[in-house]
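Input sequences plus hints: build the corresponding full structure.
Here the protein sequences line up with chains A and B, keeping their order.
Note that the first sequence covers residues 829 to 1131 in our numbering.
Note that the second sequence covers residues 829 to 1131 in our numbering.
Keep in mind the hints are simulated off the structure, nothing from the lab.
Possibly wrong hints are sitting among the right ones.
The list treats identical chains as one, so a pair stands whether inside a single copy or across any two.
Stated by the list, open to error - Here are the simulated BS3-like pairs of lysine-lysine, each with C-alpha atoms no more than 25 Å apart in a straight line:
(1) Lys937 <-> Lys1059
(2) Lys1104 <-> Lys843
(3) Lys937 <-> Lys1104
(4) Lys1013 <-> Lys937
(5) Lys843 <-> Lys921
(6) Lys1104 <-> Lys949
(7) Lys949 <-> Lys937
Residue-level listing of the chains:
Number of protein chains: 2
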Amino acid sequence: MQPITRLNQIPERLKQDAPRRIAVAAAEDANTLGAVVRAVNDGFAEAILIGDRRAIEQTASAAGIHINPAWIVDAGDHACAVACAVQMVRTGKADVLMKGLVNTDLFLKAVLNTETGLLPKGRVMSYVCAVEVPDYPKLMFITDTAVLPFPDLNQKEAMLRYALSMARRFGIAEPKVALISASEKVSPNFPNSIDYALLSKMAERGQFGKCLVDGPLDIFLACDPASAAIKGVPTPIAGQADVLLFPSLEACNAFYKGLMLFAGGELAGMICGPDKPVVVMSRSESENSKYYCIALSCLMADE
Amino acid sequence: MQPITRLNQIPERLKQDAPRRIAVAAAEDANTLGAVVRAVNDGFAEAILIGDRRAIEQTASAAGIHINPAWIVDAGDHACAVACAVQMVRTGKADVLMKGLVNTDLFLKAVLNTETGLLPKGRVMSYVCAVEVPDYPKLMFITDTAVLPFPDLNQKEAMLRYALSMARRFGIAEPKVALISASEKVSPNFPNSIDYALLSKMAERGQFGKCLVDGPLDIFLACDPASAAIKGVPTPIAGQADVLLFPSLEACNAFYKGLMLFAGGELAGMICGPDKPVVVMSRSESENSKYYCIALSCLMADE
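If you want it as structure tokens, here you go:
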């Protein structure tokens, strides 16, 4: 299988298989409906729109979005809609959970509930994004943009596994992982660089399967073959990273938003860790990025 | 005075005044010589090349760079060259200190020496960059890309003052400062956001002079007027930040390197805190960026 190197190749790849069922919690939101209906029309998704039937129908109609009334599951208030959506995914009636017009904290509380939620006890929840910019020849899988503020070693290991799993699902047989810092030096002034040295060694021992993991590396050594050559730092990544693991949410968030704003970037992202993909989109994301988030979660639903 | 909005406007601005004297410590480096000689030829710098005379002359000749033998101060080994360069700046015989082909730690140790160095006791040293990208209508002054790993409140305050001072020197009467986080929420999960709330209030009280300071803000709210409007977050920055203060070196470093690689970025940066500008250039910076670093330090030498 050729690796997927551009986000618009995800829907193509999905068309080979049966559509995935997306349970949208509190679907009365035009943005969300627009992206979901586009995925349905493109043949890789089935919509389960959970929420207030009348509000959903009015929202769709006002936005000129055509929805099938049979897609709607009437569910009263937001708390009910979220509980119902989570339950459908838990019981295999849906393949992907997606947040609609509901408070993110309320939504995640339902996902995280140890009795009725989707995250097995002890499993780390994290966020992985596939980022595309015109000036990089492939996708960058970056983590964590949104969930773990200051990941410890255990959390970094989970982030690494989720990003690897995504890269492999995109057809990359031996993903190259750059553990991002400000320089390539391991130093006690940068505690993350110490975690990175440990993760690199774990990878060398085969603890993450087939992959190349190296860090600390800066963005140039991670993504620019010329810099890697000039600096003479011996690294198997050599400016060709598939995965970029960041030391903090603040660092990862600023990095990807800089690329979205100034480098023509697009992205697809999802929450990893729960038994099935969970999609939480931000209103400030582009229409395309929202659609790609859904496509990504459908691709990952088989994992 | 019209604000400077592009890096190539700095040399123009400098031509109005007498050239600044740049003391280069260990000048036997072709990259450094090339950038300095370009500044001399453009009329805003005078070169003081400190190091091994023969090595400097051979390096220049091999690289096809024309230097005047009278610019050279013969100074034996690197430690001597650094001591001599620092001493010239201390005693007013030079206006700017610049690192040549010498280990950065050795160089900074001389700058930081409390008896013979350039940093007054108790003053914070930090790094400020002016970054230019085609898709932003003005310069972004970002800090700290290189010196302070995890700045505390006191260090953040110093970073803010240095960046403000630079923005004002560029002709911005009321700089807009965005204190960068992953979102606009003040939260104990993000201790930096608490420092930001304090800095915002200090600014409101006039403690930083004429400026607008707000945070936490994410990159979209800081630099994208459209996002600021969509999200409805009340902030005087509203997508038009001049200064971006980052929560950590790792975050700032990854951000600017992403823009250099993928958004056509250029930069000019210098160390702030010492009595006179200190220039430390990285080999991985572009030829233009090196030249702009010198121009920036000349502009800031009058402060």
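Here's how the hints hold up against the structure:
1. Lys937 <-> Lys1059: between (46 Å within a copy, 23 Å between copies)
2. Lys1104 <-> Lys843: within (20 Å within a copy, 63 Å between copies)
3. Lys937 <-> Lys1104: within (16 Å within a copy, 53 Å between copies)
4. Lys1013 <-> Lys937: between (39 Å within a copy, 19 Å between copies)
5. Lys843 <-> Lys921: within (20 Å within a copy, 72 Å between copies)
6. Lys1104 <-> Lys949: within (15 Å within a copy, 56 Å between copies)
7. Lys949 <-> Lys937: within (14 Å within a copy, 50 Å between copies)
Comparing the model with each numbered hint stated earlier shows that all of them hold.
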